[in-house]
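Student: The listed protein sequences derive, respectively, from chains P and L.
If you read the first sequence in our numbering, its first letter stands for residue 1367, the second for the next number, and so on.
If you read the second sequence in our numbering, its first letter stands for residue 8, the second for the next number, and so on.
Residues from chain P that keep clear of chain L, each with C-beta distances beyond 10 Å, as calculated:
id, residue
1, Thr-1440
2, Thr-1469
3, Gln-1477
4, Lys-1485
5, Gly-1499
6, Val-1508
7, Ala-1522
8, Thr-1544
9, Lys-1554
10, Pro-1585
11, Val-1586
12, Lys-1618
13, Phe-1678
Straight-line Cα separation of at most 20 Å, SDA-like style, residue types lysine to any residue; simulated pairs:
id, chain 1, residue 1, chain 2, residue 2
14, P, Lys-1649, L, Leu-56
15, P, Lys-1615, L, Gly-64
16, P, Lys-1615, P, Pro-1657
17, P, Lys-1649, L, Thr-102
18, L, Lys-68, L, Gly-97
19, P, Lys-1480, P, Val-1508
20, P, Lys-1594, L, Ile-54
21, P, Lys-1649, L, Pro-63
22, P, Lys-1418, P, Phe-1452
23, P, Lys-1649, P, Gly-1434
24, P, Lys-1418, L, Arg-132
25, P, Lys-1615, L, Asn-30
26, P, Lys-1420, P, Arg-1388
Worth flagging that the hints you see were computed from the coordinates, not collected in a lab.
All C-beta atoms in this analysis are idealised placements derived from N, C-alpha and C, irrespective of residue type, glycine included.
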Amino acid sequence: METAMPDDQTLSEILARRGVSRRAFLKFCASLATLMAMPPAMAAEMAETLAKLKRQSVIWLSFQECTGCTESITRSHSPTLESLIFDAISLDYHHTLQAASGTAAEAAREQAMKDNYGKYLVVVDGSVPMKDGGVYSTIAGVSNHDMLVETAKGAAAIIAVGTCAAYGGIPRANPNPTGAVAVSDIIKDKPIINVPGCPPIPVVMTGVMAHLLTLGTTPVLDELGRPKVFFGDTIHDRCYRRPFYDQGKFAKRFDDEGARNGWCLFELGCKGPTTHNACATTKWNGGVSFPIESGHGCLGCSEPDFWDAGSFYTSLSMPADPLKYTAAAALAGAAVGVAVSFVNRARKDEAKTAHQTATLADLRK
Amino acid sequence: MNNLKGIPITMAGGDDELALSFNADPLLHEIASLLCDLVESGKSSSIDLRSLPLLPGDYGKLKDVLGQGEVSATLEALGATHVRETAIHGVWWVTHYNSDETVVAEFIEVTTIPDILRTHPADARVGLDRLRSRLSLAAGTDNGDGDA
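Pulled out of the complex, with its shape left as it was, chain P reads as follows (with noise of 0.2 Å):
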């Protein structure tokens, strides 16, 4: 990223600069330790090892993706205490975020390269389509895969940022058109961080990032490749209504007294007791909120697959097995599948007409 600061200088002097106080430095880090279920001496130590640290230089690929994990990073609360963090490395390479462009991009990630080699780290956001040589995605005429490969191989860790990147995403959703893979599905030799959800939290992304930087370490991975910190718990552990769920109280409709009265989504379709993340404790927007507190079940964003797992709003009880779906829709042919759209639209139209109250059954169409 464009920048003015020298990068010879440490955190702390970035900060004074910038007028942010060693005791709103000591805020941002309590709070990440704390998301980190680090104790609180940890924050201290983590915010004097931080003050006193290098910029880190960064390469940040983008492949098959939205641009929404950057959006996500790059839009938290201002003035933002995630943003802190950025303050911590060079961004040497961002497509979106770079003022060069062309040649002069691409040089500029050779150069880091070169400058640092064996110390950058690499984000990846967006899946590697592999099909047909990797036509799909190119950058400056270099498939994803070449890029990634090229890139990873002077990288001290990787982290794959989004669900897309860390287990292929919506592009590898069926019929996956273009053959995409994740990061860890081509590169074995580096370590790989994932750092799923659609987008993840920017939080999240942040503390990795900070326990990268200040204790040199990778965080403890679970068997999906994500920090346990963050991703140990499901959102129905954490889930404010939880207590709900366990005196039997659900919302059967969006509309009904259970939904206003902010009871378990459930039935209604809630991924939640699936789907590990940290949405019930972080949440989203600066704290604000997140789906199920807006009345919304969890979608399971931050699980490989997740669009393909059956339809948001069956419950989890509900027995899904969308390949069996695929099979009976390709058996029953086109234009079945033409006259039932038909059916169901027509169904739709009467339930207009008579003010019916349209049901879960029809949502799932």
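Following the hints, complete the assembly by docking chain L onto the known chain P.
Tutor: The following block gives chain L in isolation, referenced to the frame of chain P:
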């Protein structure tokens, strides 16, 4: 974003027993155990209130039992932070807000004084330099207005 309070939607049963998750009691016992550590070994600790499923009634109960002590401090650092000692000495309630006045973090700290109130040694050094430079400026303009 800072006017969400103006939207007239509240969770029904906000003041009655429905708003209790029954997590306040275990939490109070945990605070007692941490305070015991502080008394016996001087070990400080903290609890992140936002990491637990707490309903409005639980907050009310915590506030009722812990009460309000004699110390209350507010600091302005990327938004306000309110630091209050509760009526239980050694138990502090720390609330961090961002500049939109939204709570970004909230802790119960069991300690003799929360870290965020202490002056960092490096800042004390900066303070000393600043005061010395003001004194020398004042000395240089002794017969003037003296205001550095």
